[in-house]
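Q: Please construct the entire structure, taking both the sequences and the accompanying hints into account.
Heads up, the sequence shown is in the numbering used here, so the first residue is 14 and it goes up one at a time.
Rather than coming from a laboratory, the hints here were simulated on the basis of the structure. It is possible that part of the hints are untrue.
Said to hold, decoys possible - No more than 20 angstroms apart at the CA atoms, straight line, and that leaves these computed lysine to aspartate or glutamate pairs for EDC-like:
{"#": "1", "residue 1": "K265", "residue 2": "E69"}
{"#": "2", "residue 1": "K265", "residue 2": "D237"}
{"#": "3", "residue 1": "K217", "residue 2": "D229"}
{"#": "4", "residue 1": "K265", "residue 2": "D62"}
{"#": "5", "residue 1": "K134", "residue 2": "D197"}
{"#": "6", "residue 1": "K230", "residue 2": "E193"}
{"#": "7", "residue 1": "K134", "residue 2": "E307"}
{"#": "8", "residue 1": "K265", "residue 2": "D89"}
{"#": "9", "residue 1": "K300", "residue 2": "E60"}
{"#": "10", "residue 1": "K134", "residue 2": "E330"}
{"#": "11", "residue 1": "K300", "residue 2": "E69"}
{"#": "12", "residue 1": "K300", "residue 2": "D62"}
{"#": "13", "residue 1": "K265", "residue 2": "E60"}
{"#": "14", "residue 1": "K230", "residue 2": "E253"}
{"#": "15", "residue 1": "K134", "residue 2": "E69"}
{"#": "16", "residue 1": "K217", "residue 2": "D197"}
{"#": "17", "residue 1": "K217", "residue 2": "E337"}
{"#": "18", "residue 1": "K265", "residue 2": "D296"}
{"#": "19", "residue 1": "K217", "residue 2": "E193"}
{"#": "20", "residue 1": "K230", "residue 2": "E258"}
{"#": "21", "residue 1": "K300", "residue 2": "D165"}
{"#": "22", "residue 1": "K230", "residue 2": "E218"}
{"#": "23", "residue 1": "K134", "residue 2": "D62"}
{"#": "24", "residue 1": "K217", "residue 2": "E60"}
{"#": "25", "residue 1": "K300", "residue 2": "E330"}
{"#": "26", "residue 1": "K230", "residue 2": "D197"}
{"#": "27", "residue 1": "K217", "residue 2": "E339"}
{"#": "28", "residue 1": "K217", "residue 2": "E258"}
{"#": "29", "residue 1": "K104", "residue 2": "D89"}
{"#": "30", "residue 1": "K134", "residue 2": "D296"}
{"#": "31", "residue 1": "K104", "residue 2": "E87"}
{"#": "32", "residue 1": "K265", "residue 2": "D290"}
{"#": "33", "residue 1": "K217", "residue 2": "D165"}
Stated by the list, open to error - Derived Cβ-Cβ restraints for the label pairs, each shown as a range:
{"#": "34", "residue 1": "P107", "residue 2": "D79", "range": "18 to 26 angstroms"}
{"#": "35", "residue 1": "G78", "residue 2": "P302", "range": "35 to 43 angstroms"}
{"#": "36", "residue 1": "E87", "residue 2": "I144", "range": "14 to 22 angstroms"}
A virtual CB, placed ideally from N, CA and C, is assigned to each residue, including glycine.
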Amino acid sequence: MAGYFLLNQYVCFLSVSLLLALLTLNSAVGQERGVPSALVSVLRQREQDCLRLETEWDWTRDVPGDPAAVRRLEQDIQRALQSHPPAERAKVEPDIRRMYSALAYGYRERTRWVLRGLGDKYAFWGDLPVIGNPEVRAPYRAIIYPNGVLVDGRIVQPFAQWVLHEPVLLIVMAGMNPLELLQDVQVSPIGDNQRSVIVQGRMKEVDAPYSNYASDKPLRITIDLSKGGAVTSIRFTRPEGRVGEVVVREWKRYRGLWLPGNLVLRGGAWGSSQELDLVNVRDSSLKHPEWFRERAPVTDTRLVPPGEEGVAYRLSEQLPSLQELEAMRTRATRGKGAVRSSWWRIIPPLLLITIGVLWYWRLRRAEGRKA
14 MAGYFLLNQY VCFLSVSLLL ALLTLNSAVG QERGVPSALV SVLRQREQDC
64 LRLETEWDWT RDVPGDPAAV RRLEQDIQRA LQSHPPAERA KVEPDIRRMY
114 SALAYGYRER TRWVLRGLGD KYAFWGDLPV IGNPEVRAPY RAIIYPNGVL
164 VDGRIVQPFA QWVLHEPVLL IVMAGMNPLE LLQDVQVSPI GDNQRSVIVQ
214 GRMKEVDAPY SNYASDKPLR ITIDLSKGGA VTSIRFTRPE GRVGEVVVRE
264 WKRYRGLWLP GNLVLRGGAW GSSQELDLVN VRDSSLKHPE WFRERAPVTD
314 TRLVPPGEEG VAYRLSEQLP SLQELEAMRT RATRGKGAVR SSWWRIIPPL
364 LLITIGVLWY WRLRRAEGRK A
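A: Here is the structure:
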């Protein structure tokens with residue numbers, strides 16, 4: 014048994030040493046977008062392995078209180094009540110007070126999420142507790158693409174509006190290849206044992222006008238080569254300058270694949286923190302959930318502010334890129350203008366003809382009466 018353990022450690026050391034040697038060699042002769050080809054291969058393979066898994070996660074999010082919201086609490090409650098008809102206000106007031114009090118003083122959310130790999134994207138679902146009334150839960154259903162999230166089979170949103178709000182969590186939880194989400198990538202080895210590398214790069218504009226992270230500050234991603242390219246931590250900067258981090262604190266293995274057993278995010282949206290515990294892992298069926306509809310009509314809101322009309326189209330295998338979406342929106346806008354302008358070209362002649370016919374009919378009636 015001891016001999017097997019030593020042999021296993023020796024093989025692991027050799028594989029890491031070989032990979033590091035390849036990384037060094039590739040830095041001179043084999044690169045993709047400035048990244049050593051060996052690292053690209055490792056991260057792609059890990060992503061493909063994770064896309065064939067289904068995992069379950071116990072999730073906790075703590076959102077701190079907001080002193081400004083505490084000061085205006087009663088004002089916010091009354092404003093919310095005024096939006097309801099007078100006859101309904103007494104009925105809805107307790108729920109409104111609970112929700113606004115939780116938003117002002119802070120709250121905790123807990124639930125279980127399922128993340129199913131579908132071979133080229135992920136299905137993500139669970140029941141989200143209502144803020145201020147955690148006994149009441151609302152279903153959340155999403156398909157996660159590399160460049161956006163389809164919610165409830167109808168609305169395509171940027172990651173900034175995803176229920177967990179953080180693309181960096183997907184890199185760690187789902188084994189997403191970080192190189193596909195970054196631009197201006199730089200790679201460097203770290204540590205005395207040379208078993209880890211640092212990947213730095215700016216997040217691509219997956220959130221369009223929204224932004225989770227500062228556009229001028231790179232993400233700093235630590236990758237453990239001895240764990241098959243698993244991400245161990247990600248350091249990020251918010252647009253307002255706050256620094257946050259995702260850290261894996263425990264690990265689990267499934268069929269030789271290293272998976273995060275416990276991870277924590279600090280410095281999240283609204284100053285929140287999130288913790289995820291891996292409670293189940295199994296091979297994915299690779300089937301879409303029953304609530305997913307192929308070729309469904311969807312509205313894509315990735316390029317518009319909240320409340321504005323998005324771009325309508327039928328869903329395909331992948332979401333359009335932001336450039337393709339912008340072109341679709343431009344064509345739709347021009348199409349509406351063309352329809353409007355063509356009608357304005359047609360309507361005046363029709364009105365003139367109608368007026369002429371009526372005038373002629375009135376003259377004929379007048380002549381008939383005289384006769």
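Q: Indicate, hint by hint, whether the structure satisfies it.
A: Cross-check of the supplied hints:
no.	hint	in the structure
1	K265 x E69	holds, 13 angstroms
2	K265 x D237	holds, 14 angstroms
3	K217 x D229	holds, 11 angstroms
4	K265 x D62	holds, 15 angstroms
5	K134 x D197	violated, 24 angstroms
6	K230 x E193	holds, 17 angstroms
7	K134 x E307	holds, 14 angstroms
8	K265 x D89	violated, 46 angstroms
9	K300 x E60	holds, 18 angstroms
10	K134 x E330	holds, 9 angstroms
11	K300 x E69	holds, 16 angstroms
12	K300 x D62	holds, 16 angstroms
13	K265 x E60	holds, 17 angstroms
14	K230 x E253	holds, 11 angstroms
15	K134 x E69	holds, 16 angstroms
16	K217 x D197	holds, 10 angstroms
17	K217 x E337	holds, 15 angstroms
18	K265 x D296	holds, 15 angstroms
19	K217 x E193	holds, 9 angstroms
20	K230 x E258	holds, 14 angstroms
21	K300 x D165	holds, 17 angstroms
22	K230 x E218	holds, 13 angstroms
23	K134 x D62	holds, 12 angstroms
24	K217 x E60	holds, 18 angstroms
25	K300 x E330	holds, 14 angstroms
26	K230 x D197	holds, 11 angstroms
27	K217 x E339	holds, 16 angstroms
28	K217 x E258	holds, 18 angstroms
29	K104 x D89	holds, 17 angstroms
30	K134 x D296	holds, 15 angstroms
31	K104 x E87	holds, 17 angstroms
32	K265 x D290	holds, 11 angstroms
33	K217 x D165	violated, 25 angstroms
34	P107 x D79: 18 to 26 angstroms	holds, 21 angstroms
35	G78 x P302: 35 to 43 angstroms	holds, 36 angstroms
36	E87 x I144: 14 to 22 angstroms	holds, 18 angstroms
Comparing the model with each earlier hint shows violations of hints 5, 8, 33; every other hint is respected.
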